[in-house]
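Student: Protein chains in written order, with the UniProt record's numbering: chain A, 1 to 304; chain B, 1 to 406; chain C, 1 to 300.
FYI, nobody ran anything at the bench for these hints, they're computed from the structure. Every residue, glycine too, gets a C-beta built ideally from N, C-alpha and C. Hints may be right or wrong, so weigh each one.
Covered stretches of chain A, going by a simulated chain C footprint (3 or more residues, C-beta under 8 Å) [claimed, not checked]:
(1) 108 to 117
(2) 265 to 276
With a Cα cut of at most 27 Å, we get these calculated DSS-like pairs of lysine-lysine [stated by the list, open to error]:
(3) 68(A) to 324(B)
(4) 324(B) to 143(B)
(5) 170(B) to 274(B)
(6) 295(B) to 367(B)
(7) 170(B) to 367(B)
(8) 122(B) to 143(B)
(9) 143(B) to 349(B)
(10) 349(B) to 375(B)
(11) 186(B) to 367(B)
(12) 154(C) to 274(B)
(13) 165(B) to 369(B)
(14) 27(A) to 33(B)
(15) 274(B) to 369(B)
(16) 274(B) to 165(B)
(17) 27(A) to 122(B)
(18) 122(B) to 33(B)
(19) 154(C) to 241(B)
(20) 186(B) to 169(B)
(21) 122(B) to 324(B)
(22) 33(B) to 241(B)
(23) 68(A) to 186(B)
(24) 154(C) to 266(B)
(25) 143(B) to 68(A)
(26) 33(B) to 143(B)
From the derived model, a few chain B residues whose C-beta atoms are all more than 10 Å from chain C [unchecked claim]:
(27) 33
(28) 55
(29) 63
(30) 72
(31) 74
(32) 170
(33) 234
(34) 254
(35) 286
(36) 302
(37) 370
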Amino acid sequence: MNRIFWVLLIGLGLAAPFLIYPVFAMKLLCFALFACAFNLLLGYVGLLSFGHAAFFGGAAYITGHVVKVWGFPPLAGILTGTLFALVLGAIFGKLAIRRQGIYFAMITLALAQIIYFLSLQLEFTGGENGLQGIPRGQLFGVIDLSQPLAMYYTVFAIFMIGFLIIYRAIHSPFGQVLTAIRENEPRAISLGYNVDRFKLMAFILSATLAGTAGATKAIVFQFASLTDVHWPMSGEVVLMTLLGGMGTLFGPVVGATAIVAMYNELSAMGSWINVIIGGIFVVCVLTFRRGIVGELARLLRSRS
Amino acid sequence: MRKLLLAATCGFTMTLAGAASAQDQALSNDYVKIGVLGDMSGVYATGFSGPGAVGAVKMAVDDFGGSVLGQPIRVISADHQNKPDVASATAREWIDQERVDMITDLTNSAVGLAVQSLASDKGVITMNTGAATTQLTNEACTKYGIHYGYDTYALPVGTATAIVKNGGKKWFFITADYAFGHSLQKNTTEVVESLGGEVVGSVAAPLGTNDFASYLLQAKASGAEVIALANAGQDTVNSVKQADSFGIVQGGQQLAGMLVLISDVKSLGQEVAKGLQFTSAWYWNYDDESREWAKRYMERTGAAPTFPHAALYSATTAYLNAVKAAGTDDADAVRAQLNEMTIDDFFAKGGDIRPDGLLVHDMYLLKVKEASASKGEWDVAGVARVIPGEQAYPPLSESTCAHIDQ
Amino acid sequence: MNVSLDLILAQMMLGLSAGVFYAMLSLGLAIIFGLLNVINFAHGALYMLGAFVALIGHSYIGPWLGYEDFQLGFWPALIVAPLLVGCFGMLLERTMLRRLYQFDHIYGLLLTFGIALMLQGFFTNYFNVSGTPYGGQPESLNGIVNLGFMYFPKFRLFAIVMSIVVCFLTWFVIERTRLGAVLRAGVENPKLVQAFGINVPLMVTLTFGFGVALAALAGVLAAPIYSVSPLMGANLIIVVFAVVVIGGMGSIMGAIVTGLTLGLIQGLTKAIYPPAANTVIFFIMVIVLLVRPAGLFGKE
Chain A
1 MNRIFWVLLI
11 GLGLAAPFLI
21 YPVFAMKLLC
31 FALFACAFNL
41 LLGYVGLLSF
51 GHAAFFGGAA
61 YITGHVVKVW
71 GFPPLAGILT
81 GTLFALVLGA
91 IFGKLAIRRQ
101 GIYFAMITLA
111 LAQIIYFLSL
121 QLEFTGGENG
131 LQGIPRGQLF
141 GVIDLSQPLA
151 MYYTVFAIFM
161 IGFLIIYRAI
171 HSPFGQVLTA
181 IRENEPRAIS
191 LGYNVDRFKL
201 MAFILSATLA
211 GTAGATKAIV
221 FQFASLTDVH
231 WPMSGEVVLM
241 TLLGGMGTLF
251 GPVVGATAIV
261 AMYNELSAMG
271 SWINVIIGGI
281 FVVCVLTFRR
291 GIVGELARLL
301 RSRS
Chain B
1 MRKLLLAATC
11 GFTMTLAGAA
21 SAQDQALSND
31 YVKIGVLGDM
41 SGVYATGFSG
51 PGAVGAVKMA
61 VDDFGGSVLG
71 QPIRVISADH
81 QNKPDVASAT
91 AREWIDQERV
101 DMITDLTNSA
111 VGLAVQSLAS
121 DKGVITMNTG
131 AATTQLTNEA
141 CTKYGIHYGY
151 DTYALPVGTA
161 TAIVKNGGKK
171 WFFITADYAF
181 GHSLQKNTTE
191 VVESLGGEVV
201 GSVAAPLGTN
211 DFASYLLQAK
221 ASGAEVIALA
231 NAGQDTVNSV
241 KQADSFGIVQ
251 GGQQLAGMLV
261 LISDVKSLGQ
271 EVAKGLQFTS
281 AWYWNYDDES
291 REWAKRYMER
301 TGAAPTFPHA
311 ALYSATTAYL
321 NAVKAAGTDD
331 ADAVRAQLNE
341 MTIDDFFAKG
351 GDIRPDGLLV
361 HDMYLLKVKE
371 ASASKGEWDV
381 AGVARVIPGE
391 QAYPPLSEST
401 CAHIDQ
Chain C
1 MNVSLDLILA
11 QMMLGLSAGV
21 FYAMLSLGLA
31 IIFGLLNVIN
41 FAHGALYMLG
51 AFVALIGHSY
61 IGPWLGYEDF
71 QLGFWPALIV
81 APLLVGCFGM
91 LLERTMLRRL
101 YQFDHIYGLL
111 LTFGIALMLQ
121 GFFTNYFNVS
131 GTPYGGQPES
141 LNGIVNLGFM
151 YFPKFRLFAI
161 VMSIVVCFLT
171 WFVIERTRLG
181 AVLRAGVENP
191 KLVQAFGINV
201 PLMVTLTFGF
211 GVALAALAGV
221 LAAPIYSVSP
231 LMGANLIIVV
241 FAVVVIGGMG
251 SIMGAIVTGL
261 TLGLIQGLTK
271 AIYPPAANTV
281 IFFIMVIVLL
291 VRPAGLFGKE
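Same shape as in the complex, but just chain A (with noise of 0.2 Å):
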């Protein structure tokens, strides 16, 4: 199964912005890439964090800042955003694990609610304003990112590499020892790992990929603002995850995809589509664990 969703994912994801339009499947591939980094940590070490908006807001912020106000070129400022979440990651990582399940959810939620403030009153943010006017630039300086196929491509680029890097960490001894502590952590712990390192790797893995995204939905929307910083947002990265299936490596791009294109096509419903997306959280926590990728690839195997 697994062949025919790469088939799919390189073949849609090549012709994309003939299909639809680019703008919407960049932004797309940025919550695609949110949400598998995100499924990093939920689906393959079960640790629930509340606090990922932190990751891809904050990104967004800084990559907006050095590029628009220092003049960074695009790609560089994706990395320094990028880079930022690492950092930012590996001190929420080191403060959180400190406490498990719905604990280590509350904190991270907390943890984030600072960097949300900070992002509220900074003045280098814009606060509500947000950060406006952020430029495209030039990719390697030849490139103009303000063509939309330009761009698209290059988004596409980053989110494979960011998925590439998933699936290799998952299907590495890394990955190994992390599905290990998910399933029985006082088992790893008496095979001699070191249980919190492997948390804590992980930990700040899914963060620098989040901000991986975050950066690069900053580079494409022109904009870095308090939506992506904003709790709400790390609540819907969990729904992605959770609706596509979480612990499987496609699950949360097909989430991705069933809510970004939601909110797209029922924008005009107002705030209902609040209700229905919390709809879809009630369903899928009562009766669909697995998600959809997860149930589809229960029923292939059950009926061979």
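Given chain A, work out where chains B and C should sit, using these hints.
Tutor: Then chains B and C, alone, in the frame of chain A:
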């Protein structure tokens, strides 16, 4: 999915070059589309945007006959939730996908700035009736951006002058913490200081604050004579009410609402608001022409028009007249036409749109009536002074707008 | 630094009036967590629901039903809203939460998060997010009290006193009565309590209902102070989470004391360095985590 299938059949035939130049195509010519992008559910939904704003634009379109140059006129609207990123993304999609020709309302200065710059980059006219910051026609001015109705320079000219002259010399600001509030505080400070008053302090409160108590206590402790509210909409209403419940006015301090609409006066009640002076771009009960228009508006929407709603009607009509006169919806031609025209209707008397995008017209200093003096539900204020356009707005020579040649 | 004592005292009074809401909500969270091991993310939304019951009861229900004159006043709302919202909570527990006890606790958190989104979204459709003023504040609580260092609205004073009384009554019932003893035993060893002939599932449902009713009560008390808005609980619940992490989930008294204290600290911050007022609670949380990961009153 529907979109996907449809696009799949024709999408592949599109060449790379064709897609890349999609941005440069001329605006569609089989209709003229107006986008109303406002705050439909938040702090500014009552008096500035909301259904009343969409109603005003649709009324203007209907009065115009529903078509221009033989093309139908369409109106679309969306809620930006006071989030500039949402506004910017919506405007981007409207321009790329919906092919809107003009975007209006844009209440909330952060939104106004974001959309004006994006739309002008893409060659689309904006007629900003809701946002107030002077940046729109100064450092952030653009080729196609028009600021129609009022700004933070014009607001304090009436209100602050009247208060300082009445003896209110020491000022403290409670400021909405974004482009609008800071802009309004800056402009008001200039007026206060030029008349010999002083500003003893300020505090910034987030947009949509529901508890102003701690800010009011700071204002009280500052010893100021005047507590200026550099905010608007529900924020103003909440701060006035809470000031009342903490005995601020009994304590001898005076409140000054720097941007007040008649809808705010209505929700405060004339008892709380009586005697309050505020500057307005228009007042429905000023003359017969306004009353006649207001009556028709009220029949359509059920509420009396505030000045931003009147501005929306006037701006839409002006835009459509310009399209008609130019014979095209091409942004350059329409913008040039708007420069030429004189706006003389119930809203703007002898109004002129300048090269920096600012509409200069008369403003009014209003004073809230005693409830007993009101004739009718919406007759909440009387005009205390008419401020001529050239006093309410600075001369073009003072504009820091970069694209005007001087 | 030039801050007058009056300003500090005044801001601390305001802090206290916020603190009682932290205390009521974190108390409810702690009671629910104790028995169900669920962190109720919808707690803020149910607080909001309580305020809306009061608002709708006062200004809307009469015209809807065709009795223009009917109004649910503030005093009846203090009873009706917690009852209604408590029943709603019990319904949620019976139909949804119950099915998740066998799974990881995070599912309970996610479920209640979804419920919170639905409630907020629903009310946002009908009510302005910037708030609708509640007009039912009783005449007897109108007006201002002169505290010497400040004028303080009589109603806020009432809300503070009432909340503190409710908090300590709850503490008394749980820690000092037979009913509370059974409850505490149920937390320690549900099977044993069941063996004594006590209907534990019913006890769980009632406890959830009670915790939720506390939130609704807080909502009714908040309605005249802040205007009633669909998002009023969303912004509060995250602060309350931090309060819970600081206090630790272990004790009822811990939840109350931590809530009140953090309100006071926040007020103090507003007087001394206002820009830090929003974040001070979260910074305290970080420090507590470094020094005492289980929280001030927590036991691990």
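Student: Identify every previously stated hint that the structure contradicts and give their numbers, smallest first.
Tutor: Those not satisfied are hints 3, 22 and 33.
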